[in-house]
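4 protein chains.
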Amino acid sequence: MARIRMGMVGGGNDAFIGGVHRIASRIDDRFELVAGALSSSAEKSMLSAKALHIPRSYANFTEMAAAEADRDDGIQVVSIVTPNHVHADAAIAFINKGIHVVCDKPLTSTLEDANRLQDAINNASTLFVLTHNYTGYPMIRQARSMIEAGALGSVRIAQVEYPQDWLTTSIENEGLKQAEWRTDPSRSGAGGSVGDIGTHAHNLACFVTGLSVESLAADLQSFGPGRQLDDNAHVMLRFAGGARGMLWCSQVAPGNENGLKLRVYGEKGGIEWAQEDPNYLWFTEHGKPKQLVTRSGPGANDAANAVSRIPPGHPEGYLEGFANIYTELADAIIAMQDGKSRQQAMGLLPGITEGMDGMAFINACVESSSNNSAWVTL
Amino acid sequence: MARIRMGMVGGGNDAFIGGVHRIASRIDDRFELVAGALSSSAEKSMLSAKALHIPRSYANFTEMAAAEADRDDGIQVVSIVTPNHVHADAAIAFINKGIHVVCDKPLTSTLEDANRLQDAINNASTLFVLTHNYTGYPMIRQARSMIEAGALGSVRIAQVEYPQDWLTTSIENEGLKQAEWRTDPSRSGAGGSVGDIGTHAHNLACFVTGLSVESLAADLQSFGPGRQLDDNAHVMLRFAGGARGMLWCSQVAPGNENGLKLRVYGEKGGIEWAQEDPNYLWFTEHGKPKQLVTRSGPGANDAANAVSRIPPGHPEGYLEGFANIYTELADAIIAMQDGKSRQQAMGLLPGITEGMDGMAFINACVESSSNNSAWVTL
Amino acid sequence: MARIRMGMVGGGNDAFIGGVHRIASRIDDRFELVAGALSSSAEKSMLSAKALHIPRSYANFTEMAAAEADRDDGIQVVSIVTPNHVHADAAIAFINKGIHVVCDKPLTSTLEDANRLQDAINNASTLFVLTHNYTGYPMIRQARSMIEAGALGSVRIAQVEYPQDWLTTSIENEGLKQAEWRTDPSRSGAGGSVGDIGTHAHNLACFVTGLSVESLAADLQSFGPGRQLDDNAHVMLRFAGGARGMLWCSQVAPGNENGLKLRVYGEKGGIEWAQEDPNYLWFTEHGKPKQLVTRSGPGANDAANAVSRIPPGHPEGYLEGFANIYTELADAIIAMQDGKSRQQAMGLLPGITEGMDGMAFINACVESSSNNSAWVTL
Amino acid sequence: MARIRMGMVGGGNDAFIGGVHRIASRIDDRFELVAGALSSSAEKSMLSAKALHIPRSYANFTEMAAAEADRDDGIQVVSIVTPNHVHADAAIAFINKGIHVVCDKPLTSTLEDANRLQDAINNASTLFVLTHNYTGYPMIRQARSMIEAGALGSVRIAQVEYPQDWLTTSIENEGLKQAEWRTDPSRSGAGGSVGDIGTHAHNLACFVTGLSVESLAADLQSFGPGRQLDDNAHVMLRFAGGARGMLWCSQVAPGNENGLKLRVYGEKGGIEWAQEDPNYLWFTEHGKPKQLVTRSGPGANDAANAVSRIPPGHPEGYLEGFANIYTELADAIIAMQDGKSRQQAMGLLPGITEGMDGMAFINACVESSSNNSAWVTL
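Protein chains in written order, with the numbering used here: chain A, 2 to 379; chain B, 2 to 379; chain C, 2 to 379; chain D, 2 to 379.
One or more hints might be untrue.
[To be verified] Distance condition first, Cα-Cα at most 25 Å in a straight line; then the derived PhoX-like pairs of lysine-lysine: (1) Lys51/B to Lys289/A; (2) Lys98/D to Lys178/C; (3) Lys262/B to Lys262/A; (4) Lys289/C to Lys98/C; (5) Lys51/C to Lys178/C; (6) Lys178/D to Lys178/C; (7) Lys45/D to Lys269/C; (8) Lys178/A to Lys262/B; (9) Lys45/A to Lys262/A; (10) Lys98/D to Lys289/B; (11) Lys178/B to Lys178/A; (12) Lys269/C to Lys289/D; (13) Lys178/D to Lys262/C; (14) Lys289/D to Lys269/B; (15) Lys269/B to Lys262/A; (16) Lys51/C to Lys269/A; (17) Lys178/B to Lys262/A; (18) Lys262/C to Lys51/D; (19) Lys269/A to Lys289/B; (20) Lys178/D to Lys289/C; (21) Lys289/A to Lys269/B; (22) Lys289/B to Lys269/D; (23) Lys289/C to Lys262/C; (24) Lys269/C to Lys289/A; (25) Lys269/A to Lys262/B; (26) Lys341/C to Lys289/A; (27) Lys51/D to Lys178/C; (28) Lys178/D to Lys269/D; (29) Lys289/D to Lys289/C.
If you are wondering where the hints come from, they were derived from the structure by calculation, not from laboratory data.
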């Protein structure tokens, strides 16, 4: 089984997330990165490509899509790791050429872009994977599978939070690129923290519980002086079927690095998971002692073991969780080649549906907050 | 310095909280319990009093207030540990006789009762202490003092939660007294979880930050089938001065025993504290590693040390934190004898103000929730 | 059931452990402290007694034993909380008068004293309780009971450690009394850290496993410049029956406050407990996920519940664990009055046997270490 | 900078450690795996090679060394991941051909083999790296660097432990290959747990403290019925310069998955690190609160940051730590090409010295234990 030929758009310059995607695609040795349009200038792109052993470099994604589609050994999939406002155009360029796409989240910076992208996907037969990478963690798969099997009974409550502290001070005014575009509505979209990390929290709560958010009431704040986008958000959630929840995301909570945490409680039990200690899942069957289930350990189930590599006590981390998304993407590409339907091939992979849900989440948060936290239906 | 003579109303029968008050009053040896009206019947009261070495037993609190006020060696303070709906009448009976009162929370079961009680206190010169006992923990005192001194800068965010799991199933239908009255509006008042534990969470957030809640938006649920009062509540908070927060309380979250937890973030730093591990306070100065401050340890400040008894690493717990309230009450009684004003004597002790704030919190939660989570001003 | 009349020897002046014994004796309201010889001078004793509401003060323990034995309402039990070298004479004085004794550990400062004390006890019918207080923690009782019932299968390994850091620098030269006598062989005996805290660790391992140490090999160090007694000790243990263990105690391990920790592993499972978080017991049945058993929680057994006071999630601490020893002492005194044998009355209480075992442990550590860590039979 | 051409000996069949080496070599994209002798039979090797996209497969390492040395594009380095008894012959075959070697630990199964290997290395100019992979963790690099810079003052105590539970029952009799050879002296050597994991613990303590073990006293046990090698070991350590320590390793401690843990204490402070939560380093400056230093976080130093990939709160794990060894090996190979000395090129990489130290450790443990725990000089 040959490696999948992959290209990349963006990710050229000390861009954190580009490097993550590259490592993630390498861990299980299922991809080879053979083409790139890594930066906004042709020259910079070339230099980055060279440094990264990428044989073919292009000036921009349009050229790249055209040229690669023409080659017999052209890329089968492209990874899009640009700022949000570029996602739609870049993805559409490849989709229209029949090249599969894996794209960083959130989907796009505007709803219009999202709709255009959705249309393109609907009119094509390529795969579109959105890297809600936290769904790739083994213990998240375990939690989802347990809840699906009824281990908690009917779900009543989901508490999800995602605090960070990197925007506590106004570093967007001090030349930090990452902070600049994240706080700029023209590049990030209408949501600040709700777009960057709130979408992850929202996605994870839905992925694990199997429920969708029916409506929400939000109170968004911009604590950073002069900041145009929210850097902290408080959201109350009502899930279809009667479960309720709360979501907190923040980029101004000192002492929190990447504190994504999910807790779900049902009629019969509860589970708790924290991204910073991802190899552990707390499970309580009501009326019995809490259990600490460990990745690959005695309580790990098939869903978790399917995406684990090494024995218990040998911690896997963020990159391995991310790699699971890439490895399942490789499997999905093979499955499509083998004639499976796009839906079958996707399996648990997050895609356009999750992307549109995330856009709806962002927009509902902004609308609710500007309407004094009135409930908004998603 | 002689011990303070104390009486007790309620707390006779395997009542959890009565026993807690008795131990708390004993730990620092500042009280002797000499009178009681411990149960609803004179005979039961007598038996309980005998078992507890309490010399004088009364049929009810009215008799007790009258008789004790007449004695030269009558009680100086009474501890009221009945269900909520009895608080007001019992407290007023003693206040009117010039006897100090320490009363379990929440203040009363109705706003009318609360107002009557407030009037009685205003017209008297006795002390009234409400046992928001979690304010007695040393590391909570430390946190309050640090924030007051500006260690976090201006406060932006307060996250407070208080999950429990004891009402996950409908044990109020299985003869558990504690569960019966807690879920009965005629004895508990309009709030279920928001009254029983939400008030503690609200009080603690205000105590530590020094801020008051200006308005809130709440979504209350009763997950227990047929339950009349809320057993889970999601609340968004707006504090005076611009800080924002969230409050979650629940009695149906399996795996949570008594999970009161407070996190406060400001412009310069953050603190985190959990009641179940009360000897630790996490403190982050933004841009530096997290510190784990321990009770009596090297980072403990005067405010914490003033209410600690034993060296670091020798854990103090719930009873010691509760005892701090009693010991400060004893000091306050002495201070009043020495001519201090009631306000001076109270110091950090929670009293009628905190009680009225708690009633306002409960009522605002109920009102907001019944009005589809509209913001309600407290 | 009247309170037990108690006296106290030592504990007068800002002595940490005297205050602990007094609080411990008060928590369950089973004792009244009515007599004391609290300091080395009659005047100081008197002042301390007055401050502590103790009606009868004596110049020394000899006078006190004589006078109290003569009174109809004399003390029934005396608590001895002096430095180690006074234990034997003080205890014998009361034992010879038929007054029960509760004494701080270690038993004495010399083996000769220990033997004299043992003789006195053998010739009397009074109770002698040694406050190995850590055996009073509910989760320690749970662990012992589980192991006795075979939950771990045959025990193979016991790892016990007790690191502290208070002697990291030479504070005995800076006027700290506590540090002065603890590092002085004439007052502490042959063991430094092994006597002060190693005995606790040794006792706890034996108490929980039900095993006795057959032989040990020790390497003792005095890291503090000029320090005469060990401040750090490494010990390998061989238990009767084939189990093996290690014991580490230290007073020079920065970052460790009172880190007593016990881990026991058997053919079928393991348990882990840490004194600084005493309400938790980790239990692993081999091949299943770890369980976190909590005090009063769903997995707590009868042995633990018998010595717990408050619901799960409401932390009990050091003082409550210590109080359990006092409360069982009160029960034991009643049991003796009711005609039970001394052995029956003692139940799980640590006494002269555990005291002699502790002396043997100290002496074996010192002997082994001075003999280049040769195995020494206890 | 082209990728380094790598070969592999062993690691063909569901061998845990072979897969780990392959992922580790891929994470930073510095190697391409182009040749292998992956199994004991030529046919199995071929099948494995094919499945792993390895172009050249050999029947055995002798053939492979000869053929690759003859090619212009032959491998530059070989990774040896066989059972211990094959290490020496395989490594020597490549060393003699001038091919660099990276080899799994422990060095060899016998001292004779170790000496032969050492001789071969001494007579060659190739690199020899032993994968004491735990030295690759960023927070371990941080700890070493802090201690080197004097953050703890002079080191007094090192406590290291490595408990596992996978041999609690006699699974070597149930067909588990991994367990079979690990418990077989002819394939593992004289040490069981001391060889497999004790060497890691010993190496880590030395690496971090910068100290060497001068002598040790050991008590080894085989709890598994009929087991020939130790499955649990207790060791007391004396370091050159006066520091002392303890080492515990076990494969029969239920509830421990891969519990390597190191604690080091000096005159001025202490550090604590646990492999299962590798992104955290506890640091205490004596007399100040404990600090939790996080990988890439505000307290991380240059030594840690040099081997970190992603931001704080995004956990790296075992594979990333392992990858750091491979990436430094790639750097070392380049450095040699650039004319650096072998010693300079090695930098912090563990090599033959650490391998010989590990052999000495194993042999001293076995000798001491068979001599009733007498101190043995290393």
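Hint check:
A C-alpha spacing of about 38 Å is found between Lys51/B and Lys289/A, which places the hinted pair above 25 Å, so the restraint is violated. For a cut-off of 25 Å, the pair hint linking Lys98/D to Lys178/C is broken: about 70 Å separates their Cα positions. Between Lys262/B and Lys262/A, the direct Cα distance comes to roughly 15 Å. Compliance with the 25 Å bound is thereby established for this hinted pair. Our distance criterion of 25 Å between C-alpha atoms is broken by Lys289/C and Lys98/C, whose separation comes to about 56 Å.
Distance check on the hinted pair: Lys51/C and Lys178/C sit about 23 Å apart at the alpha-carbon level, within 25 Å; holds. Of the supplied pair hints, the one linking Lys178/D and Lys178/C is violated, its CA atoms being roughly 60 Å apart against a limit of 25 Å. Simply put, Lys45/D and Lys269/C have alpha-carbon atoms about 38 Å apart, too far for the 25 Å limit, and the pair is violated. For a cut-off of 25 Å, the pair hint linking Lys178/A to Lys262/B is broken: about 35 Å separates their Cα positions.
Restraint check for Lys45/A and Lys262/A: not satisfied, since their Cα atoms lie roughly 38 Å apart, outside the 25 Å limit. For the given pair, Lys98/D sits about 51 Å from Lys289/B by alpha-carbon distance, which is inconsistent with the 25 Å threshold. Distance hint between Lys178/B and Lys178/A is unfulfilled; the C-alpha atoms sit about 60 Å from each other, more than 25 Å. Restraint check for Lys269/C and Lys289/D: not satisfied, since their Cα atoms lie roughly 41 Å apart, outside the 25 Å limit.
Annotation: proposed proximity of Lys178/D to Lys262/C is violated, straight-line Cα distance about 35 Å (limit 25 Å). Between the alpha carbons of Lys289/D and Lys269/B the distance comes to roughly 20 Å, so the proposed pair stays at or under 25 Å and holds. A hinted pair counts as satisfied when its Cα atoms are at most 25 Å apart, and Lys269/B with Lys262/A qualifies at roughly 23 Å. Between the alpha carbons of Lys51/C and Lys269/A the distance comes to roughly 57 Å, so the proposed pair goes past 25 Å and is violated.
For the hint pairing Lys178/B with Lys262/A, the CA-to-CA distance comes to about 35 Å; that exceeds 25 Å, so the pair is violated. Restraint check: the Cα-Cα separation between Lys262/C and Lys51/D comes to about 51 Å, which exceeds 25 Å; the hinted pair is violated. In summary, the hint linking Lys269/A to Lys289/B is not supported, as the alpha carbons are separated by about 41 Å, beyond the 25 Å threshold. Our distance criterion of 25 Å between C-alpha atoms is met by Lys178/D and Lys289/C, whose separation comes to about 22 Å.
For the hint pairing Lys289/A with Lys269/B, the CA-to-CA distance comes to about 41 Å; that exceeds 25 Å, so the pair is violated. The suggested pairing of Lys289/B with Lys269/D holds, with an alpha-carbon distance near 20 Å, which does not exceed 25 Å. Proximity of Lys289/C to Lys262/C is assessed by CA-CA distance (about 23 Å); at most 25 Å being required, the pair is judged to hold. In summary, the hint linking Lys269/C to Lys289/A is supported, as the alpha carbons are separated by about 20 Å, within the 25 Å threshold.
Taking the CA atoms of Lys269/A and Lys262/B, the gap is about 23 Å. The hint holds against a cut of 25 Å. Pair hint Lys341/C plus Lys289/A does not hold up; C-alpha atoms about 38 Å apart against a cutoff of 25 Å. Simply put, Lys51/D and Lys178/C have alpha-carbon atoms about 74 Å apart, too far for the 25 Å limit, and the pair is violated. A C-alpha spacing of about 47 Å is found between Lys178/D and Lys269/D, which places the hinted pair above 25 Å, so the restraint is violated.
A distance of roughly 39 Å separates the Cα atoms of Lys289/D and Lys289/C; the hinted pair therefore is violated under the 25 Å criterion.
The structure is inconsistent with the numbered hints 1, 2, 4, 6, 7, 8, 9, 10, 11, 12, 13, 16, 17, 18, 19, 21, 26, 27, 28 and 29, although it conforms to all the rest.
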